[in-house]
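Undergrad: So the protein sequences, as listed, match chains A and B. FYI, numbering that gives the first Met the number 0 numbers position 945 of the first sequence as 944, with every residue one higher than the one before it. FYI, numbering that gives the first Met the number 0 numbers position 68 of the second sequence as 67, with every residue one higher than the one before it.
Hints were generated in silico from the structure; no laboratory data involved. One thing to keep in mind: the hints can contain errors.
[As the list claims (entries may be wrong)] Derived SDA-like pairs (lysine to any residue); straight-line CA-CA distance at most 25 Å:
1) Lys-89/B x Gly-712/A
2) Lys-870/A x Arg-83/B
3) Lys-736/A x Gly-712/A
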Amino acid sequence: MDHKQVMVIGGGIAGIQASLDLAEMGVEVFLIEQQPSIGGRMAQLDKTFPTNDCAMCILSPKLVEAGANKNIHIITNAEVQSVEGQAPSFYVKVLKHARYVDETRCTGCGICMSKCPVRIPDQYNMGLSKTKCIRIPFPQAVPAVPVISKEHCIYMQKGKCRICEKFCEEKVIDYEQKDELLDIEVGSIILAVGSQEFDAKLKGEYSYGTSPNVLTSLEFERMLSASGPTQGHVLRPSDQKEPRRVAFLQCIGSRDMQAGGSFCSAICCMQAAKDAIIMAEHLSNVDVSIFNMDIRAQGKDFDKFITRAQTDYGARFVRARVSSVEINPANDNLRIRYDPNDGGPLREEEFDMVVLSIGLQTSEQVRKLAAKLDIELDESGFVSGSPFDPVLTSRDGIFACGTMTGPRDIPETVMQASGAAGAAASLQAELPERRIKADYPQQRDIRGESPRVGVFICKCGINIASTVDVPGVVEFALGLPWVEHAQELMFSCAGDSQRIIAEAIRDKNLNRVVVSACTPRTHESLFQGTLQSAGINPYLFEFANIREHCSWVHQKEPDKATEKAKVLTKMAINKVICLEPLSPKTMPVNHDALVVGGGVAGLTAALELANHGCKVHLVERQEKFGGNFRDVHFTMDGQPSQEFLNALIEKVTSNPNIHSYLNSDIAEVKGFVGNFKSKIHGNNNDEITEIEHGAVIVATGASELETDEYLRGREPGVVTLRELETALAGCGTEELKEKVNKAQSVVLIQCVGSRCDERPYCSRICCNKSIKNALKLKEQNPDTNIYVLYRDIRAYGLHELDYRQAREKGIIFIRYQEDDKPVVTSENGALKVHIFEPTLRRKVLIEADLIGLAVGIAAGSENKVISQMLKIPLNSEGFFLEAHVKLRPVDFATDGVFVCGLAHYPKDVSESVAQARAAAARAMTVLSKDTIEAEGKVSQVRAECCAACGACVAVCPYAAIEIDEINRVAVVNESLCKGCGACSATCRSCAIDLRGFRDEQLVVAMEAIVEWL
Amino acid sequence: MSEEFEPKIIAFLCNWCSYAGADLAGTSRMQYPPNVRIIRLMCSGGLDPLYVFRALLAGCDGVLIGGCHPGDCHYTNGNYKARRRVAVLKSILKELGMGHDRVWLRWISASEGSRFAETIREIVTDLKEKGPNTLAQSWAI
Ligand code: FES
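One chain only, chain B, in its complex shape:
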């Protein structure tokens, strides 16, 4: 291979836990691959599944949704809503053959900087194995 494939990832992180966890990874100078772009949401429960579709259709190689651990959501139960939505979303993606295995839902708390960095590393490694997402080319939208 001429140049190694560098997967491109979008992360939707809730403001209270996961975004703060990503901040902590920064304050602790934990190094992780620069393949991710973060969009801050107030809560994982505020994630419209359409965004994930859009991201995948545009050719994004992976999508991470980060929320607070069960029971810790700042808005009581947004993360449970996210969990259900993502489960449904994945099954639809699977039906359609749209890369359900490119979507991750992770609980990352504000004190888990290392877990955030670890998650990104893991996703990058996994996606490098899977190779690029070709949806953008096969779907003319």
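Here chain A stands alone, though its shape is the one from the complex:
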């Protein structure tokens, strides 16, 4: 094959992310989606935990980007029929179902939808509302092309109607369209078809389907959404009244042997907490109760989110599995019966509405696809690769990511997707060939033209329109000087809106554009791309933020919000008139990489980069590679782990592309994406090596906490899990080995130093580590009594199966409360554990021969130094803070720097590997390019005003300004300038300005405010 092609099957967030990464690495992608639009489940979510970002708002730019990318061929309404061949040559037959609309010519105007007389249940809203038989699945759909459902179309069923055809101006309706069979040859395949929700009807005892007031979590998610069936109003379906008491029942179809799966769905606890918070924001007077078995808040900032739901929003977490939900016929309320687990009798409570947190399961589609592709699934039906490397499948050249590999949340899905993309791309060749350039039309030269401004005011569904009088703002804008065109848009970020904006630019010969919508931080580049596609310089654009800074924060003052929206829009219009076209410099990219940290994450990332053909500098502080994983001795199913590590180290050290620096630290990092210059300090010989590289991966890990709780350090029988595991594997001191072998009674205590005031987070891996070690102890000596003292068992996802196994093997789990921790005492070395047993409702005493402490994980102490060196932020616990917790989990706001492994947050080895692969893939999106564009908004000197005083030189943090001694003038090096503006604020003669933020540009914006004064 002359150029490289990958097929991505499944167009949810996983498939989209994988496609975008591949495209950016220069690989051509065929993205196959079964539904008529890409977007998947995430498109249906209202908000995302733990930041409560609007899901569609962060997804929609990705949809548009995927739709516009010339390297990505999106094939929707399609499924894979067969796959032949093997890596690196697969022959795939794809069946593209008829859509009855010509995709290539449809403009997505939507007139057909408005005229169609047939109303059918809207799947996007989970059937809670109606849509038309010919419809665009949702406003932001990509492609924004309608589809006809044949079984409902009266023309296709009864031969009469053809209304849509009559009204379609472009004549693109084609009732005769046939299914099409496509033959596609690719080098590798990425599977990303996701999962499906448990069918709540299978649990008849919860009255789902019999009471309209029992909803599934996904239905409820639609109800919360402003674009949903009730425009975001939470209303009880039976009487359309606001509910006062709402119950969430967790684990419906999860952790359940009878129905659904025995595993945990990993996301529902957080989803319920999120829904509780959003609901409390929507309704002033609502009581939310969440009935759960354990609160599984194992991710970054999850525990804090749960606490917020409890303390700030009054959510009540009740630890109980509900046995039944009964309808009270008098008022359609729902009676819930549950066992409070305190030894007392069953309890009953009444609620207005019940939400069932339905679990994730593998789908029929996954099973069929697995059979066609001949890849293995595990007992629960998820794709099972290697326990160490979740993106691999049992077949070479085929990778998997997202929830089809097990239940997981969006960031983990995105990490796996990037990881799979990297793996698929590296398989094919060394440094990818140059990609097909996005061929934007030539930019129109607007010199000499007077400003012709186009203004687009977004309604954002009802997010803006329900507070701000959008038509009023449009009218106001139309009355302003230089405004040639103003209109409202339903969702300005939708693909269709980009077409409308581009057309307006062309038709009205606009040369400047203002969009009043959400925040430039997420959406500016989207609209800049639209300008470019319409032949306008992307810098002739200005954003007014009338959502985050207006409609959302002044919900109760619509008049003032409208006035503010007008001023904000006018500020943007004033500014855009003064903007000038910019052409950023292009800079060469150095293809080498620096990886800091040689644990599993760093090793994996380095190897992956080397496989792509990059030269890698791998720096490890210790004498040996391996990091924390050197103390992990066996997997959950008892397989030895060190073989994996040793093989990995061997591959790294023998790879000619990787230069290892053991016993070394980073002394200095200078430069910027594509062009870093760093110094590596050898700690043994004090030698400094200077290197140049284009990207940095931070994989500095984290460490086990030191503790003196529970007599640790004073009693030899109190050990950490790490020590216990070492002894169980036959390593470590003889004394401890003997103790472990002889122990008749072992107590493992969870959450030592985690989830407390100093470290209000969960260390994520300890529950599973305890279960693993407990099982091993049982295996070695079945008579040992093992007690695990815990607060919540966070055996998230498929780990639940091990938890179940542990209980079946007779390991005893006892819950304790944070304010009533177990107490360990010693009488001449005889250890005793005192704990309150909640089901017995009394204190019990356990005599222990050995106590294992599940000690938490603390962020590395060197993180602070690295964060300052690379200008990347840390969170309050000292872990690195990624660019976006949901969709950019390995990136930083600083370009060219990426994170993986425990430096980001505690995680297990397979998660570290997936993230390391992702970091390498993201780094490859930089390193595979020959040039990158510098910042466009850089400083510029007005030579005629400059006195060459040197004040700007002194304040510039990047040494980007020099004085040209011959001409006596300051000169900006545009490839070094980062555009902070410090120089322009300093200059005494107003001789230096930051482009895009020039004095006059800001002053005119201020003038709009002054008028309001």
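Based on the hints, put chain B with the ligand in the right spot on chain A.
TA: Relative to chain A, chain B with the ligand alone:
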């Protein structure tokens, strides 16, 4: 009083922290009074003190300058520059009797939506007590 005085505030926020904090206040639907208009700068260190003069002279009742917390500036030390500049600026304003107490410099990080909303509420309350800025009337410029 016939109608309550509504102070008018301009906020200069750095793109990386404070502007993002204001965004977060929005995503979290934290309600605060609609008395503020935000101008986005790349960094608080890019704020020319002249803008503050201009705002006050034009009759703006209060000015907020928002930057990243010390040590967190995206451009290493822009916020330290802002801190120094604002200190000097305030002392000049004080000398001239131009309302040095109408200028606020606050560190607001990207995760502090509530701090942003809180700051606006606080400034509005404070300015309501102080009453309108009369500079625009007393200075004919
Ligand atoms: S970037 Fe926020 S203060 Fe400099």
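Undergrad: Each of the hints needs a verdict: does it hold here or not?
TA: Going down the list of hints, with the structure as the test:
no.	hint	verdict
1	Lys-89/B x Gly-712/A	56 Å, violated
2	Lys-870/A x Arg-83/B	22 Å, holds
3	Lys-736/A x Gly-712/A	17 Å, holds
Checked against the numbered hints given earlier, this structure breaks only hint 1.
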